[in-house]
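K.L.:
Residues per chain are reported as follows:
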Amino acid sequence: MRIGHLSIFVDDQDKALTFYTGVLGFTKKHEIPLGEHRWLTVVSPEEPDGVELVLEPDQHPAAATFKKALVTDGIPVTMFGVPDVAAEYERLTALGVIFTQEPLSVGGMTTAVFDDTCGNLIQIAAPQA
Amino acid sequence: MGDVYKALADPTRRAILDELQDRGGQTLFELCARLAGKGFTSTRQAISQHLAVLSDAGLVVIRREGRYVFLDLDTSPLRQIYQRWRAGPCGSDT
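So the sequence lines, in the order shown, correspond to chains A and B.
Reading the first sequence from the start, the letters are residues 1 to 129 in the working numbering.
Reading the second sequence from the start, the letters are residues 130 to 223 in the working numbering.
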């Protein structure tokens with residue numbers, strides 16, 4: 001068994017695709033029309049055959065409640081790896097990305113948390129230099 | 130206004146104030162990560178309850194900003210402690 005996909009609930013697939021590719025730098029892998037929405041996935045350009053991130057519509061009423069509660073307490077829905085959290089913080093801030101947690105070193109890791117503009121917080125992390 | 134002395138009487142609550150002094154405007158997530166890193170084993174729910182006590186005492190300000198909630202330290206309630214037992218001659222105090 002392997003982990004092939006991870007999904008994230010987004011409020012708007014077009015907006016999500018713009019953010020996850022244009023701002024974060026991921027690459028679109030699949031875009032398949034599926035009824036009202038699309039099967040839409042992105043991958044890291046560093047691992048084009050790696051885990052696909054599914055940008056999944058958050059239409060289920062419980063999804064909105066869940067997302068809102070996590071955002072209120074600053075809890076990220078998932079975590080991406082970067083080589084240098086401080087550098088990525090600078091890069092994304094310059095692009096207008098809002099961080100709810102500036103770089104913090106704790107427990108051997110440096111982390112930061114930002115808003116993906118689609119109703120989620122995302123943590124970036126690297127082993128402490 | 131809750132009791133400042135009671136709010137300060139708990140080591141986890143004092144640690145919360147230490148962390149908020151280190152950096153203001155923390156989310157609950159960041160605060161919990163910091164406390165875990167310092168060896169505190171309290172649950173997120175327990176931290177929330179401690180924050181309620183600290184907020185009642187005016188030592189922590191829970192600030193809602195859009196969809197986020199940020200936590201800030203406010204040391205002004207500590208002034209009453211200093212005022213009551215401040216150093217120096219106590220002749221002027223009655």
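Worth double-checking, as some hints may not be accurate.
Derived coverage of chain B by chain A (criterion: at least 3 residues anywhere in the stretch with Cβ under 8 Å from a Cβ of chain A; other residues may be distant) [claimed, not checked]:
#: 1; segment: 135-149
#: 2; segment: 180-192
Which chain B residues stay away from chain A? Per the calculated CB distances, all over 10 Å, these [to be verified]:
#: 3; residue: Gly166
#: 4; residue: Thr172
#: 5; residue: Arg173
#: 6; residue: Phe199
#: 7; residue: Ser205
#: 8; residue: Arg208
If you anchor each label on the Cβ, the simulated ranges turn out as follows [as the list claims (entries may be wrong)]:
#: 9; chain 1: A; residue 1: Met1; chain 2: B; residue 2: Asp132; range: 35 to 41 Å
#: 10; chain 1: A; residue 1: Val106; chain 2: B; residue 2: Asp203; range: 22 to 28 Å
#: 11; chain 1: A; residue 1: Pro45; chain 2: B; residue 2: Ala175; range: 38 to 44 Å
#: 12; chain 1: A; residue 1: Glu90; chain 2: B; residue 2: Arg196; range: 45 to 51 Å
#: 13; chain 1: B; residue 1: Ser177; chain 2: A; residue 2: Ala62; range: 42 to 48 Å
#: 14; chain 1: A; residue 1: Ala94; chain 2: B; residue 2: Asp185; range: 37 to 43 Å
#: 15; chain 1: A; residue 1: Asp84; chain 2: B; residue 2: Gly153; range: 40 to 46 Å
#: 16; chain 1: B; residue 1: Asp203; chain 2: A; residue 2: Pro33; range: 32 to 38 Å
#: 17; chain 1: B; residue 1: Asp201; chain 2: A; residue 2: Glu46; range: 35 to 41 Å
#: 18; chain 1: A; residue 1: Gly108; chain 2: B; residue 2: Trp214; range: 23 to 29 Å
#: 19; chain 1: B; residue 1: Arg196; chain 2: A; residue 2: His37; range: 35 to 41 Å
#: 20; chain 1: A; residue 1: Gln128; chain 2: B; residue 2: Ser171; range: 38 to 44 Å
Calculated from the structure, these hints are not laboratory results.
We put the beta carbon where it would ideally sit given N, CA and C, even for glycine.
K.L.:
Next, verify each hint and record whether it holds.
P.N.:
Each hint, compared with the structure:
| no. | hint | in the structure |
| --- | --- | --- |
| 1 | 135-149 | violated (count 0) |
| 2 | 180-192 | violated (count 0) |
| 3 | Gly166 | violated, 4 Å |
| 4 | Thr172 | holds, 13 Å |
| 5 | Arg173 | violated, 8 Å |
| 6 | Phe199 | violated, 8 Å |
| 7 | Ser205 | holds, 25 Å |
| 8 | Arg208 | holds, 29 Å |
| 9 | A:Met1 - B:Asp132: 35 to 41 Å | violated, 55 Å |
| 10 | A:Val106 - B:Asp203: 22 to 28 Å | holds, 24 Å |
| 11 | A:Pro45 - B:Ala175: 38 to 44 Å | holds, 42 Å |
| 12 | A:Glu90 - B:Arg196: 45 to 51 Å | violated, 24 Å |
| 13 | B:Ser177 - A:Ala62: 42 to 48 Å | violated, 22 Å |
| 14 | A:Ala94 - B:Asp185: 37 to 43 Å | holds, 40 Å |
| 15 | A:Asp84 - B:Gly153: 40 to 46 Å | violated, 25 Å |
| 16 | B:Asp203 - A:Pro33: 32 to 38 Å | violated, 53 Å |
| 17 | B:Asp201 - A:Glu46: 35 to 41 Å | holds, 38 Å |
| 18 | A:Gly108 - B:Trp214: 23 to 29 Å | violated, 42 Å |
| 19 | B:Arg196 - A:His37: 35 to 41 Å | violated, 23 Å |
| 20 | A:Gln128 - B:Ser171: 38 to 44 Å | violated, 24 Å |
Taken one by one, the earlier hints fail for this structure at numbers 1, 2, 3, 5, 6, 9, 12, 13, 15, 16, 18, 19 and 20, listed in ascending order.
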